[in-house]
Amino acid sequence: MGDYAYAYLTPAEVRFLDAAVERLIPTDELGPGGRDAGCACYIDRQLSSPWGSHGRNYRSGPWPEGTPEQGFQSRFTPAEIYRIAIREITDHCVARFEKPFDQLAAAKQEEILKALEKGEIELPSLSSKLFFDMLWRNTEEGYFADPMYGGNRDKVGWKLIGFPGVPSGAYREHLGNPALYNAEPISILDIQTRAVEPDANGFAKHVMIKREK
Amino acid sequence: MSAIKMKPVDAVVVGSGVVGSIMSMELANAGLKVLCLERGRMIDPKNDFVAPQVHDELKFDRHSDIFQNLSRETITFRNNSGQTALPMREMGSFKPGEMVGGTAAHWGGNARRFLPHDFELRSKIVERYGAGFLPEDATIQDWGVTWDEIEPYYDMFEQIYGVGGKAGNIEGEIQAGGNPHEGPRSREFPNPPTCRTPQGEIFAQAARELGYAPFQGPAAAMTRDFQNLYKVMMLECHRGGFCSSHVCSQGAKANPLSAVLPALYKQPDFELRPLCNVIRVNTDSTGRKATGVTYIDARGREVEQPADIVVLGTYCFNNTRLLLLSGIGTPYDPQSGRGVVGRNYSYQTGGRVHAFFDDREFNPFIGGGQVNTSIDELNGDVIDRGPLGFVGGAYINMPNPGASPIKSKQVPHGTPRWGGEWKKAVAQHYRRNLGVHIHGSCMSYKQHYLDLDPTYKDAYGLPLLRMTFDWHENERKMLTWMNEKCVEIAKAMKPSKIDVRPVPKKYSIIPYQSTHNIGGAVMGADPSTSVVNKYLQSWDVPNLFVVGGSSFPQNPAQGPTATIGMLACWAADGIKEVYLKKPGVSMV
Ligand SMILES: Cc1cc2nc3c(=O)[nH]c(=O)nc-3n(C[C@H](O)[C@H](O)[C@H](O)COP(=O)(O)OP(=O)(O)OC[C@H]3O[C@@H](n4cnc5c(N)ncnc54)[C@H](O)[C@@H]3O)c2cc1C
Ligand code: SF4
Chain R
2 MGDYAYAYLT PAEVRFLDAA VERLIPTDEL GPGGRDAGCA CYIDRQLSSP WGSHGRNYRS
62 GPWPEGTPEQ GFQSRFTPAE IYRIAIREIT DHCVARFEKP FDQLAAAKQE EILKALEKGE
122 IELPSLSSKL FFDMLWRNTE EGYFADPMYG GNRDKVGWKL IGFPGVPSGA YREHLGNPAL
182 YNAEPISILD IQTRAVEPDA NGFAKHVMIK REK
Chain C
843 MSAIKMKPVD AVVVGSGVVG SIMSMELANA GLKVLCLERG RMIDPKNDFV APQVHDELKF
903 DRHSDIFQNL SRETITFRNN SGQTALPMRE MGSFKPGEMV GGTAAHWGGN ARRFLPHDFE
963 LRSKIVERYG AGFLPEDATI QDWGVTWDEI EPYYDMFEQI YGVGGKAGNI EGEIQAGGNP
1023 HEGPRSREFP NPPTCRTPQG EIFAQAAREL GYAPFQGPAA AMTRDFQNLY KVMMLECHRG
1083 GFCSSHVCSQ GAKANPLSAV LPALYKQPDF ELRPLCNVIR VNTDSTGRKA TGVTYIDARG
1143 REVEQPADIV VLGTYCFNNT RLLLLSGIGT PYDPQSGRGV VGRNYSYQTG GRVHAFFDDR
1203 EFNPFIGGGQ VNTSIDELNG DVIDRGPLGF VGGAYINMPN PGASPIKSKQ VPHGTPRWGG
1263 EWKKAVAQHY RRNLGVHIHG SCMSYKQHYL DLDPTYKDAY GLPLLRMTFD WHENERKMLT
1323 WMNEKCVEIA KAMKPSKIDV RPVPKKYSII PYQSTHNIGG AVMGADPSTS VVNKYLQSWD
1383 VPNLFVVGGS SFPQNPAQGP TATIGMLACW AADGIKEVYL KKPGVSMV
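Top line first, the protein sequences correspond to chains R and C.
Reminder that position 183 of the first sequence reads as 184 in this note's numbering, one-by-one numbering, no gaps.
Reminder that position 556 of the second sequence reads as 1398 in this note's numbering, one-by-one numbering, no gaps.
If you are wondering where the hints come from, they were derived from the structure by calculation, not from laboratory data.
Computed from a predicted structure; not experimentally measured.
Treat the hints with care, since some could be wrong.
Mimicking DSS-like on lysine-lysine, the simulated pairs with C-alpha atoms at most 27 Å apart in a straight line are [to be verified]: (1) C:LYS1319 to C:LYS1299; (2) C:LYS1339 to R:LYS130; (3) R:LYS115 to C:LYS1319.
If we take Cβ atoms under 7 Å as the criterion, some of the chain R residues that face chain C in the derived model are [to be verified]: (4) TYR59; (5) PHE98; (6) ALA146.
A virtual CB, placed ideally from N, CA and C, is assigned to each residue, including glycine.
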């Protein structure tokens, strides 16, 4: 991503994430995957935000692991979790395959992600499942949140599912109408950067499109 | 002793949510000098919540800074008293608010009344099925009020919140198009019902085929421009989604910011003090009279605020916690079953059956938090629960809240969680699925309660509230049966595939479920099983009123907020009509 300056992630971490998010949401005939959607940029910005340092979460100990029903109990913040986990996964890959994650074949990468998801890879400092769940949650957010957060470039996530983004002031009239509403999505980013003009109430003026099934 | 002591007021109201705003308004209307203390920050809706910025799922639904800041205060949770409770470190199962307007500012706007039977649940069940029918360990009880007493206050709340709907029963006469099972109302809703979506119509047709009577759920998002009881204008809702968990930029969703505070700010004897966190209700040497409250102000100073009347409207959790921190009333002991503060905590049950269509596409992003088509035949005493062997019920509905893209991508069971298959499934199904939703009751049980945590503390060094809760066999039985009923409805919609979300074995604090937490400071007719009397007045400290979901003895099927608002109207009227004539006296 030549046009984006990473605030938190190191180049090696970006390489890991670009590879991982591309396996999680691959490029295919339906459109770009997690890499070109900018999911790593999204994650970088989140890790630099209060969310990445658990600024609004309860942070006092003690930190026993608890039951699955009791939720997140790690003393690490998301920024710390990414840093620690990527280092330890890299060590794991190098020890087994003599290559970091991003240089492995797609099938191998997928295998590793599956093992992380199941908690089958023993990382020295934290649960691999904890990391995987966070990575997947952020990847999905990065693919479908407003592009103003660095992901969902060109609104690829919204185009994939047919979501029009910022609503139109005319939705009220469509509420009871079965006619399909297919519009070129408009994002907050589009409006804030003046790529498109909203209506007087800040709603989108949608342009209708033909969608193929 | 607090460093600072403020000038006394007639009434101090703690919290500025549904309860705090209505209580403040009504008491100020009665000529009292009212101070409202709110721990959260001040809000100017016209600048803080503007389009297009409000249409941001990540910012509002996921990370919102209008939700409670858990770094300062959270709850601890465990499924049973054999476990060690651990803090809810990140927002999960529920999203209490923390700003002027409270949780109510980002609520969904489903404004349903309970059934008449819900207020006398224990008596009605025992009358119909005998005491042996009550589930094991249930601490279900009556509310101490009856439908006829409180109906006018439901009406008043609806006039304040501009609720849109079609009456199903006006003074005993069943009305076509409404919910035939609702309690008799004194009159029609102030606004017309929401427009039915095509999805709602599919549900309605299926429901009618099966003999149910579908209706549009009551919505507190304006169905036309409307001036409310307090002469505040609210504009018609645009149905643009980004609704629940968000604050409406149109002011179309009724909440304290849009429906009450604009009128309240005009009251000459009213003051709102934000960024003031109340830590204690103070009492005199007898312990039977509240002298005011102590709070930590924005600069971190401890301040004493004297008042003749104290009203707590700080949501279920803090209403209970403040009583415990202040040593008012006897804390509940699950071993002996004695004590009342913290007793009868319960949550809301829910479930879903999903129907996937190969051949039909919808506009799921058009809608609002409260747009839904419902049936009430499986709720409360409308069903005969004798042969089914459970207590409680649910309303079933097809909601159209506006399917936001991060959280609303339903895929059939068996789809991998990620990867190419998942991507294809998401693209295929986002616009081609309909969820039949269960919104159900939850009873109260001996072993489910709130108390102070022995380990974890808030930012002020005070113990956090500890919640001990799990699903009970009775609720699992109810939900299993509801799932079967929803499958019947889903089948009648003729989809290509149906998925049933299984009934969870254990309650988990992780996924968002609802912010419908109730109990802890229950109302009732008997001080040995309730914290407040039927007027929401503390049995122990008669000039203290504790109002909110905290007073529900168990959780009926519907969302709590219309009833919370109703109770605020009812308690305020009690104070005005009864209490102020004999201040300091128990009203019953
Ligand atoms: C996303 C979402 C959707 C919802 N949808 C629905 C729905 O569709 N239907 C429905 O019936 N209900 C719904 N609810 C629930 C509804 O929001 C609550 O029932 C309602 O807000 C409760 O009102 P309240 O006045 O008791 O508390 P609140 O609205 O929470 O207000 C309490 C206020 O007290 C303040 N406070 C707390 N402690 C202190 C203290 N120590 N000192 C000073 N101030 C304090 C808080 O900051 C807050 O502002 C929803 C909730 C959420 C989060
Ligand atoms: S759907 Fe209606 S009530 Fe909800 S945010 Fe939009 S305009 Fe407001």
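>> Please list, smallest to largest, the hint numbers that this structure does not respect.
In response: 1, 2, 3 and 5
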